[in-house]
Each structure stands twice: as structure tokens, then as C-alpha cells.
Amino acid sequence: MDARLKLEAPRLGGIDELLPQKDESATILENFTVDPATGGWDNRIGYEKFFPGALAYQPFNLEKRIHSLYVWSTHNGARTYHLFESENIVSQRVDLKFTVGNTGTGGGLVTVDAFRKIPTLNEPVTDYEPFGRYLIIVNGHDKPMKFDGERALPLGWETTPAPPTPWRPDPEDSLPGGDAQNYAFVDDSAGIDSSPLGFSQNLGLGYQTDGSAEVENSYKWRVSWVSETGSESPLSSSSEIVLWDTPDTAGGTDPAFVGKRQGVYLEDIPVGPPGTVARRLYRTKNLGKGASVDANASYYFVSEIKNNVDTVYSDYTPDQFLTTLSPSDTNSVAFPAPGARFSASFKGSLFLDGGQSDPTRIYYSNPLNPDSFSASDYFDVGMRDGGDITGMFSYYNSLILFRESSIELVRGDNVNGFNVVPFIQGIGCSAVHSVTAVPGVGIVFLGNDGVYRLFGGLDGGSQVQIEKMTPNLVKTEKRINKSVMARASATYSPKWREWHCYVPVDGEDKPSFGLVYHVDKNAWSTRVGFPVGVIAADAGGELIFGHNTGKPPGIVTDYETGLFVISRKRALGYTLSGGVDPSTQASPPPVAKYRSKWHDMGKAATKKFVKYVYLHVMTKGDNTIPLTYYKDFDYAGISSTGEKMQRADHPDQQVFGTALWDTAVWEEPMFTTIRYPIAQGAASFFAFEFDTQNDIVLVGYSLEFGANKTQTIKGKR
Amino acid sequence: MAFKWTEGDHVTSNIVDATEQNASFNNLKGEMNGGLDRENLPNSSVSNDELHQSAFVKYAVAANMRAQATSVLDLHWGDTAAGPNAFQQEYIAIDFNTYTGGWRTNPAYSIESLFQEGMLHLEFNCWYWLSNHLANGTIQGWCQFQIVVNGTPVVSGDKQYQNVGQSHLVVDIPISTGQHKVELRWRIKPWHGRDMTDPIFYYDGGQLLALNRYR
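Residue numbers (the numbering used here), protein chains in the order written: chain A, 1 to 717; chain B, 1 to 215.
Think of the hints as simulated: they come from the structure by calculation, not from any bench. Accuracy of the hints is not assured; some may be wrong.
[Said to hold, decoys possible] Here are a few chain B residues that face chain A, going by a calculated C-beta distance under 8 Å: (1) VAL16; (2) ALA18; (3) THR19; (4) ARG38; (5) ASN40; (6) LEU41; (7) ASN43.
[What the hints assert, rightly or not] To give a feel for the contact side, a few chain B residues facing chain A, derived at Cβ under 10 Å: (8) GLU7; (9) GLY8; (10) ASP9; (11) SER13; (12) GLU20; (13) ASN22; (14) SER24; (15) ASN26; (16) PRO42; (17) ASN64.
[Said to hold, decoys possible] For lysine to aspartate or glutamate, the following EDC-like pairs were computed, each having C-alpha atoms within a straight-line distance of at most 16 Å: (18) LYS289/A with ASP179/A; (19) LYS4/B with GLU542/A; (20) LYS495/A with ASP449/A; (21) LYS285/A with GLU240/A; (22) LYS347/A with ASP413/A; (23) LYS495/A with GLU7/B.
Note that the Cβ used here is the ideal one computed from N, Cα and C, for glycine as well.
Input sequences plus hints: build the corresponding full structure.
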């Protein structure tokens, strides 16, 4: 055969929708993954239940659409939390749950938080961010929380503590009853057992005198809460001022109390919110004569009450023991971002956005204390064009701030201060849950007009760069419903070495269409028929997704609900027979569709006569795969007969269904070429296609064609 | 790791693919050989019948602990400098000839054992007698107990002022794998003017339990 009349495509690429298409690219590439053994396209994929052995979809019974999903792996994977939010048929609200255990017929579900807001169709869903041993959970509506695997506790300090109520010292024993008492610190020799053994005269508040004259004393107190993260709440306002005189001998006071210091009994020590493990007490030094309740004063650390139960405290710590100043009022303020939608951990601080009511502001916590925020620790990026903040992501030495139409970077650290710098205008991202770190590629995200990657850094002479990854997906990009792009969901699987992004397309309100980037081939394919509402990869790279529809209300006989896994299962989910289990029947495999590029064989104007298509495949068995071929961008093609994926000129390999145990030998897939004859007239452009539910690994192909001097005729008038 | 899903699906009329078969088989085999945890073990699949006794815990006990270096001493009541002893009682106890203050470790009873990484739960109970009240009601002293692990205090009881009482100490501490020593210490108020031969303090019936829960 004349070599000039043969076109070889030994290695296949991904989709290219930009005409003229690149060599070895595809026009349509649906439901394929990369075969690691050959680098070819492999259609052996599907999805299955989260608990494959469970009855029906146990433990998922009432889950409608799954809105959010996060796989939180702790304890080296031994405790993995599959956290998800689903609409509950009964409550019409969203419940946040995770799977636990394995009953053998399905695991259990534990509810972390119930009656949460159902996100609207166009707003981002709940954002999860690990911070130390906590998982920060924010959604812009419900109370931000931190989850430690057992409990969900409020994030930040919603309120400031109330001040304590000090009892007034009564050194002259003249105020029986009421909030006053004589709490004098006297010598053991005084014969009054008012002080326990071991207490010494230098304890107590107030001036100690020789009794020659009365001396006025005055004090105020403040309180703060301490959470289990070590974060300290804002300080309470100051307590009432306590005033008393150290008595002198002239006043007729019992000599035992003359000139002596006093303890002060404090009550109403405020109990903190859940997660509070201690309270800290601060006090002024003696303000002396003439002090008023609003007197300015420095407060000093007195003591830490190491529980969240006691509401009383006896303060007898003398002034000379007070050495540590209290935090300033601006060191910790009430939680500034109760409506936070996005969170990120960066350089030991927790970054939160201001929420819908404060959409251009970023707050960050004190280092390693996710609950405490200083008054001045925030940025406002609203000074520049770019729109609201739509997400954030930590990357290398920067925190990437995504806005509607720009990207900015937060630089610096807690010691030298953070600052925010613009990175690029005109490219934004409203699909925060598409932002993913992909090894060797960078930060991949679905921008407003395609998929981009950010790579490089700002340190060591490097620079951050941005690049569009989908310049050739011109048709697919246009299908994306930009109104609800915030609901796009993406993840990277190191097992499959694929970046999966599921987006709403064709005007739909929920994700239903998958864009898959194959790292090994630097190529794109699409996933169709996978009901992925939200997707996440676990530590092992398994692709777990929440159903985009779930169980509809009412009595239904056929539905899917809960979590599923993209695997090698040759099924596109399940069909419930009869509605009430007893078994979930696997549905047929997904249809894999491959349409080659439109070949012009080097010169479109010359008519070609394609004689054969040779598919280079791995042998798969007796299931046949027919081919359809097209010319000149016609809608309709001509179908060929199906061919078995067996070597043509050798005995067939043994197959399941006919191979006999102890007789047949285990086979290995073999590289072979399947020839399809083409009966087609002259064509300027040629393409072939197969769509099949049978297994195929397509490594490459070649075309054999003839050409004469027939040229395209003159154009029409 | 937790769950394992399909690695190879065997479809009718497909070749009997050894590679695919091995992938799916080894996927499960590998999980069983080192990947079993609470995520993939069915609930209640491991019960007492499957577990060796003390598979997750180890305990050690030091029993019948009592004060050391004691002697039989007389305590006198109604005693004056001039008159005879109105009442006299023998006590087994320590006096200030043998105790001058500070923490005293009981050398006769301790737990020294190989513990595994995890938590160490310690409990101590005993009764004590303390001569601390004079006839006029004046409180004279106190006693206090403490548990130390490798010489470091991990729990201290409060000072006890009652004449007769019980001490109960409980603490849980993280522990590393290795040989560890758990000991009891006590102290009483230092000499405060009493007769040096007066019986002052004694404790007995003590039991120290160390319960090691493995991580």
C-alpha cells in the first residue's frame, strides 16, 4: 500500500473543538479514562453505591439532593469522615451528617447539625476547611462552626462576657446581709479562725496599714472566656467599682481587722458558650481614693478558673502579684464574620470572608487561635474593581482570593503582617468549589470563561502565572450555565490521575455534566450520565459523589439516593425493582462515545476515498462494537457491523460465559488491530465514531484511503 | 483506609482477564492485610470471643500499702506538765523524730512495669490517721498524698485536715511505650511544736491501680 495514503494516529489526545482540530484529537470523548498500561482511552468506568453490600441505599433513606460533601481524613485514614449535607424530605431543610461504621448492610449516619439553610441554586454550598484538629464549616447562613470529629462547636465569640459582681468588703462588720462581707486577712495569733492555715498576711486586696489612719481602696474586674482552642474571648466590660476603707484604730473597729487587707468575693462569673474550658480574671491594681466606676485603668491577670462551671471566685491576690497586663480591647473582638461563606487556613491564621453583607472584606484570626480575631485584622478589597469575594484558597506562600472578575493574593505572615496585592483583573471565579490543587499542574479552577490554572510562586525568583487550560473546548464552555456556576464541584483524584469538574450545563440548575482533565495525557474528556451533585476524593483517591437529585418526595419505585463512588463497576448506577429493595439492580454501563477529529488528510480541497479504519485496541472479548462514519460534517453517518475485540487472525481468547473452569487459561489483553471497511463516497473531511456500552481500550487508529485528482467543486451562488 | 470499591468488573463475553481479576482480588486482599479498621469492619464483627484477654489494656496493682518507718508510739491526753497522764493510747505511726517535712516517697510499694503507648489511668485509695487537733480545737496540721510517674507528680490531693479520713486520687495521663515507675508520695505539715515522740500520722489499706489503655 502506498504509505502516503495511510494516516496514523498511534497515540490519542483529548477533545479539540477548535477547527481545524489538532492531530490525534477527538471531537467527542465521553466517559473514558486513561488506561495506565497503554496510555489509551479506556471506557471501563461506572458508579456504585457507597456501601455496595447494603440493602437498597442504606443508610441513605430520605436524602434528596446532596448539596455539599467533604472527606475529612484523620488518624492516618482510620477515622475518615464523609461529611455531607442533604435535603431531608421530611424537614425541608438541610442536615449535615457523616457516615460512621459499617453494619454489614450499611453504616450509620451521625447528624452534626440539623435544620440548616438550603442553599439557593446560585450560591456556593458549605465550605469546609481543616484547621489543626478542627474542621471549620461555614455556609454564609448558619452559624459558623468548628467540628472536632465528635462535636460541632460555635466558631468565634458571638458575645462578650458579662462582668462579674464583686461583693463589697465590710471590714467593720457593719453591713450584715447583702452583697458585703468582712473577708479580712488576719494573723493566726489573732485568735480568729477566719483564714485557713497556710494563708499569710501578705495576701489580700487593699492597703495594709499600721492603723493610724483610714485609707481608701478601690478595684474593678474584667473577665474573658478561653476556648478549647486556646482562643481568648473579648474582655467583659469592667465590673462595678468596689470601694472600702482600711479601718484605723480610731473608728472602734475590732482590732483584729484594723489595718488589714481584704479578700473580695466575686459572683456572677459568666459561664461561657459551649467549647469554653476556662475563664480568665483580670483586675486593676488599687485605684485608691476618688476613683469612679468609669476610671481608666490597666487590668492585670489575676487567675484562670480552669472550668466553665464555677460562678464565684474569691480574689485575694495582692497587687504586688499582678504583673501581666490584660490583652487590649482590640486583641480579641466579637466574631466579625458570622455570615462567612468561605474559609481558608493560611500561615496559622483562619481567614474568613465577611459574608453577603460584607462581601469584599476578609478577616483573619489571631495565629493558631481560630476563635479570636483582633479588631484591626482585616482587608477590604472593595477599593479595586473585581466584584465580591467568591472564594479563597491557600497555595504555596500566598492565599489566593478569588473575586467575581479578578484574583488577588494575600502575602506575608503573622509576624510581619499580611497584605493583599492584586494579581490579575478580568479573570474571576465564582465556582469556589472547583478550586483544586493538582500535583504538577498547579491550582486548577473553573473561571468565568473556562478552566484555568495558576502555577508558580512569588518567592525564590519564581512568579505566579495563570494559563487557560481549555482554549480548545469552545463549544463545551458555552454549554455551561453561568448563572449557577457557584454550584460547580471539582476534585482531583491521585488514583485516577484526573481532575473532575461537574457543572450545570444547557440551562440546568444542578451539576450533571463532567469535565475531566487527564493529567497523564494533558487532555480533556467529558462525563455524561453521572448524577454528580457534588464530588470529593478521599485520601486514597476514590471519587465519592453526592447524588444531584436523590430520593424525590412521595412514593417512588425507582430512585437513587445518598453517596456513590465512581469506580470500575460496569454500571451507571442502579434501578430499584419494585421500589422497596429487596435488591438494587445494577443499571447498564455508561455509553462511551468516541468521535475522531475531522480528518482532511492534509488537504481539505482534495476529495478522499477512505477504505478502512483500523482501530488499535487491546483485546476485550466477544462483545462487538460497531462503527459509524461520517463525511464532510454531515449529521448522519453510515454504520458498519460490529466487530469483536479479538485478534482477527488468531483463535479467540477465552471469555466469561463460555470459558470452563480448570480448562480455560487466564488471558491477558493483547494489542491488536481491528479493521472496519468503509463504504463511503468521496469526502473532503472524514470522521468515525463509536458509542458502546461494551468494554474497549482504544490506543490509536489509522486510516487507509485513496485520493485522486478530484477537487472540491466551485462554491454555490 | 476505609472502603474499597470495584477495581475490575467481570462482564459476560469479556476475556477472562487475569490482570483485571488480580486487580479486583488484590484490592480486597490488600485491605484485609493491613487495612482493616472501624470503617470497613462490620459492626459487632469483633466481640470478646475474637479478642485475647487484655488485648487492649494492661493493669498493675500495688495493694496493702501502708506507711513505712513507723513505730509504736504513745499518745497522751489530759497531760499537763505536773500531773499524770489521764489517758494513753498506743499508735503505730510516724513522729517528728522520723519526719522533718517535705514529700516522702513510699519505697516499699510502687509499680514498675512496661506500659504501651496510650493512656494510663491511675487510682489510689487509702485511709489515714492524723493527730492534728488539740483539746482546745486548734488545728495543728494536715496531710497530703501525691502520685508520681517517673518522679514527676501527676496528681496531688488537697491538704486534708480531718483527724481520720480517706484519700482518693484519680488521674489519666498519656503514656509512651516503655518501662515506667508509678509511686506514692505523702507529706504532712512540718514540725509545729509538738512533742517529738508524739504519733503524728499513719496511713494503711492503700491500693494503687495502674490501668494502661493502648492507643
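Task: Interface restraint verdict for ASN40/B against chain A (beta-carbon cut-off 8 Å) - done: ASN40/B check passes; min Cβ-Cβ to chain A is 6 Å, inside 8 Å.
Open item on the list: Tell me if the straight-line CA distance from LYS4/B to GLU542/A falls inside 16 Å.
Closed with: 9 Å, holds
Open item on the list: Just to be careful: measuring from the Cβ of PRO42/B to every Cβ in chain A, is the smallest value less than 10 Å?
Closed with: Nearest chain A Cβ about 4 Å off; hint holds.
Open item on the list: Checking hints one by one. Is ALA18/B an interface residue toward chain A, by the C-beta closer than 8 Å rule?
Closed with: 4 Å, holds
Open item on the list: Can you verify the interface hint for VAL16/B: is its Cβ closer than 8 Å to any Cβ in chain A?
Closed with: 5 Å, holds
Open item on the list: Hint ASN22/B vs chain A: min CB-CB distance below 10 Å?
Closed with: 9 Å, holds
Open item on the list: Between the alpha carbons of LYS285/A and GLU240/A, is the straight-line distance 16 Å or under?
Closed with: 15 Å, holds
TODO: Tell me if SER24/B is really an interface residue toward chain A, meaning its C-beta lies closer than 10 Å to one of theirs.
DONE: 8 Å, holds
Task: Hinted pair LYS495/A and ASP449/A, Cα distance within 16 Å - done: Answer violated: LYS495/A to ASP449/A is near 28 Å, above 16 Å.
Open item on the list: Next item in the hint list is GLU20/B. Is there a CB on chain A closer than 10 Å to its CB?
Closed with: 8 Å, holds
- [ ] Compare the distance between the alpha carbons of LYS347/A and ASP413/A with 16 Å, and conclude whether the hinted pair is satisfied.
- [x] This hinted pair holds, its Cα atoms lying about 6 Å apart.
TODO: Let me know if the C-beta of THR19/B comes in closer than 8 Å to any C-beta of chain A, holds or violated.
DONE: This hint holds: THR19/B lies near chain A, its Cβ roughly 6 Å from the closest one there, short of 8 Å.
Checked against the numbered hints given earlier, the structure breaks hints 15, 17, 18, 20 and satisfies all the rest.
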